[in-house]
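Undergrad: Go ahead and model the full structure; you've got the sequences and the hints to work with.
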Amino acid sequence: MNHPPAWTRGLLKLVVPRARLDDVLGDLHETRGGARDALVTVLAFAFYRARSRWWAVARWITWSDLRLGLRLIRKQPVLSATAVAALTTAITVACMGYTFAEQMLSATLPFPRGDRFVRIEIQTPLDSETPYETEAFQNFRAQASTLEHVAAVAIATGELSLVLGSGEVDGVRTTYITPDTLRFLPYTPLAGRRLVAADGAPGAAPVVLIRETLWRRHFSGSQDLVGRTIHLGGVARFVVGVMPDRFEFPFQAEAWLPLDLRHLGGDTSGAVAGTRLIGVLRDGVTREAAEAELNTLAPRAKNRDNVEEPLHVRVRPFAADLDDIALLFPIVLGIILLTLLVVVGNVAVLMAARGWSRATELAVRAALGAGRARIVGQLTAEVLLLGVVASTLGVLISVAAMRWIDRAYPDIPFWIDLMPGPYTLVFVVAMALVTVAFAGAWPALIVTRSDPARALQHGGRSGSPGMFGRTAGTMITVQIAMAVALLSGAVSMARGFLSYVEGPAQVDADRLLTARVNLPRPSSFDTLTRAVVTAAAALPGVDGVGVATHVPRRDPPMMPVEIDAHPGESLSTSVRAPGAAVGPGFLEAVGGRVTRGRAFMDADSAPGALPVAIVNEPFVTQYFGGRNPLGRRILTATPRLDAPSVWREIVGVVPDLGLSTGDPSAAAGFYVPYHPRVEFRLVVRTEGNPEGLTQPLRAAIAAVDPAIRLREIVPLDEVGADEQAFVAGMASTMVSLGAAALALSIVSVYALLSFAVTRRTREIGVRVALGATPNKIVTTLLASAATSLTVGAVIGSVLGLLLMQARVLLAFRMPTTGVWVVPTVLVPLIVAGLIACWEPARRALAIQPADALKTE
Amino acid sequence: MPVLGEFELLVLLAALRLGDDAHPVSIVDEIRLRTARDVQRAAVYVTLQRLEDKGLVSSWLGSPSPERGGKARRHVRLTREGREAVREARAALQSMWAGLGRSLEES
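Protein chains in written order, with numbering that gives the first Met the number 0: chain A, 0 to 855; chain B, 0 to 106.
If you're looking for bench data, these hints aren't it; they were derived computationally from the structure. Fair warning: there could be bad hints in the mix.
Reference listing, derived: stretches of chain A covered by chain B, where coverage requires no fewer than 3 residues with Cβ under 8 Å from a Cβ of chain B [stated by the list, open to error]:
no., region
1, 33 to 40
2, 748 to 758
Sample of chain B residues lacking proximity to chain A, with all beta carbon distances greater than 12 Å (derived) [stated by the list, open to error]:
no., residue
3, Thr-78
4, Arg-86
5, Glu-87
6, Ser-94
7, Ser-102
Quick list of simulated restraints, FRET-style, between CB atoms [what the hints assert, rightly or not]:
no., chain 1, residue 1, chain 2, residue 2, range
8, B, Gly-69, A, Ala-203, 54 to 62 Å
9, B, Arg-31, A, Gly-368, 33 to 41 Å
10, A, Asp-525, B, Gly-69, 55 to 63 Å
11, A, Gly-166, B, Asp-28, 35 to 43 Å
12, A, Ser-63, B, Gly-69, 18 to 26 Å
13, B, Val-24, A, Val-388, 47 to 55 Å
14, A, Phe-413, B, Gly-69, 18 to 26 Å
All C-beta atoms, glycine included, are put in the ideal place defined by N, C-alpha and C.
TA: Written out as structure tokens, the structure is:
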């Protein structure tokens, strides 16, 4: 663990004088001081600096102003709470958005010289399967002068099986890496040594470097493990060392295997699939210079015109992906600032309304000698208190939210630090100051610009709120539009989430265990697949096993399908539908009984067999009008196989078994027979709790061939957990933002209308005396509010419908948004608006002319 | 001559005792050892900063060391003004203490 934690070091740099910083950091390191020690030091220096330097700046706000502000906040708890809630929401959004964008833009590997590490991307021809990485690796290593080191890494697809002495089998996430790369990384093994160049030499004994968690989980942290062999991925390997948990390079893994330096192979003679190149820039060398040199050393390949030319090489920062994020950052910043502007503007309107309602009191203070600066200071003090509370809450909530995200998404790269850094906190403080200035000082300056004598003469009703009337109306309109748009999005997300969670009724999700299986040898795909199915079926408690390219909740992509229409039939002949390849027994295993025709048999997958298909009930309803589809033909390709489309005879019909969980309207789909391939999904139906089968399944598959890799062994209920968490998070965030925006708008409407009634009491009294009807009074009062609400609702509805078109950017399908969403959101808006207008309207109607004319 | 606060005086006295080995960590230990007070190192940092601003102590950086993560240690020593301030504080305290010993024992 670093002492002190990295995020506190940023704070220390902000407040500790530079001359003392090294000493303070050194003391914390030496005494192994944690976050608490660091924060105490931060606070001590912050107070010291504030007293000595910054206090003079804030001299115009006194303690009595702050006490008075606190009293006013207590007197109007609803308005104050609404302002705090809105500001907190805005600052939370600002803090999280800035942190994410900053990390994406400027993240580097979190160790010294981490910014020298780069990715080397070779843009190979689209149809080429040649591993140019090996040739490029050799060229760059031998000749590149701009790079201090060239490395190669590969992530093993799936987890390698670790077979323990007790017979237990565990899955281990494994990374392949050029062994001499570890000397460039500042991590010391807890036991043994790192991988060295000799570990990648031809004929070297198989070795492995393991991670601390694995060491403690299965080997009790024993020092004797170094030098012993473990059986990982079907190979007996010597353990050369144990790395600490904080070592995660290049990605989270529990074991590191050496790549041989000649072929970049791991356990096979050929290069490991998915090998990528990494470089370490020499000091003083730029990425651009390295890229220029590597392009002269790149391998050559034939282009479309059959002419040899060097492949194009790109050198990018290892951690930050600049191309997309450089465009995204200003957009994110713009959205944050716009959100803050709208929220702060609304709070300013509220504060101005409150200030105007105290015009008499302020006029009296001015008449008694208080200067304008003092009165502005008092009004600003209230907002200062609200801003401090909101900033503190906003930072705390964003820290908690990002910690949750960090736990919910363990695959986030290790170099991404989701804790707010010093620049984020500076950004938040700056936003808070802007909030105080805009929502506190500016309305205060407006309210106090009128002559106090005139204000007293006119009973505090002097001064023109005209500007605030227009500004307030605009702010409320924008806020309503944001609220409606966000709530529309939230409702759609919630619908998608529910659809995703429920899944198709026919699938017995609570009895199914799924796994992703990756096979080692192409020549034995068929044999191994059958062996895996047989081994799984033999486990106690299993009453169904199947293989497929997709399981429910892993929606297959939409594919083009031609339907063979008979003459005179009015059918759609060219459609797009989701399709999956399934083996015999799969549909039964997930709970689908064939309702018409037959299921797939082994013979359907045999070479030369007639192509067949099974469709689901939604497909029959949607594309055959409910008519019997057996014997009819569809033209379609085979999912996940590079084979041309063929005409297939429909031999069976099954219920909806989840080809489109996220969007039920796209459920109409088909199944084709499964042909063996390198990776497939295994489904195991159990009598009891499917989680109890996890270890036995691992052991059974390892017994078939320990080189078979498994991953994502989870009950079907947990498939797509990441997507569910994402959708739930998005829905929650949008509901929070939308509700906050709506609440702030409604409170603003109420406050402004109340203020208007107070200000116009005499006018209303005169109108009533001259014969104005109640309808006329209410219409005059509520016209502008109704306009703001209506215009905002219309704009927000359009924005909401547009926002949900962005669902196509998601990796999984979401239901289309129908116009039914609009009334769902508008009804609560109308009700809330009526409530906000009711009390002021009731007061206006209760005004008696005689009483009103006496009003000062 | 600036008037010393109580904690400022403790820090100066600890620095005086420690001589060339005076630095925040050793000052904390010295005060804890001699007064049994639980002293926060952060308070010592800020106090040393204030004393240096007042010209009562001066400081210099030692050599970096691996135990300190490669960071150098900042040592402090009293300046002439600092010694004078301590002498004045002692004289003031002695003057206030004079004759109080018996009444403290009796109460």
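Undergrad: Take the hints in turn and mark each one as holding or not.
TA: Each hint, compared with the structure:
For the region 33 to 40 of chain A, the proposed coverage by chain B is satisfied: 3 residues have a C-beta within less than 8 Å of a C-beta in that chain, meeting the threshold of three. Using a Cβ-Cβ cut-off of 8 Å, 0 residues of the region 748 to 758 of chain A lie near chain B, which falls short of the minimum of three, so the contact claim is violated. For Thr-78(B), the shortest C-beta to C-beta distance to chain A comes to about 16 Å, beyond the 12 Å cut-off, and the non-interface label holds. With a least CB separation of 26 Å from chain A, Arg-86(B) remains clear of the 12 Å interface cut-off, as annotated.
The claim that Glu-87(B) is not at the interface with chain A holds, since no C-beta of that chain comes within 12 Å of its own (minimum 24 Å). The non-interface label for Ser-94(B) is consistent with chain A: the shortest C-beta to C-beta separation is roughly 30 Å, beyond 12 Å. At roughly 37 Å from the closest C-beta of chain A, the C-beta of Ser-102(B) stays outside 12 Å, upholding its exclusion from the interface. Between Gly-69(B) and Ala-203(A) the beta carbons are some 36 Å apart, a value that contradicts the proposed interval 54 to 62 Å.
Here the CB-CB span from Arg-31(B) to Gly-368(A) is close to 53 Å, at odds with the stated 33 to 41 Å. Judged by the Cβ atoms, the range 55 to 63 Å given for Asp-525(A) and Gly-69(B) holds: they are separated by roughly 59 Å. The hint said 35 to 43 Å for the Cβ distance between Gly-166(A) and Asp-28(B), and at roughly 55 Å that hint is violated. Look at Ser-63(A) against Gly-69(B): about 50 Å separates their beta carbons, and that is not inside 18 to 26 Å.
A hinted range of 47 to 55 Å for the beta carbons of Val-24(B) and Val-388(A) is inconsistent with their spacing of about 37 Å. A C-beta distance of roughly 23 Å is found between Phe-413(A) and Gly-69(B), which places it inside the suggested range of 18 to 26 Å.
Against the hints set out earlier in the document, violations occur for numbers 2, 8, 9, 11, 12 and 13.
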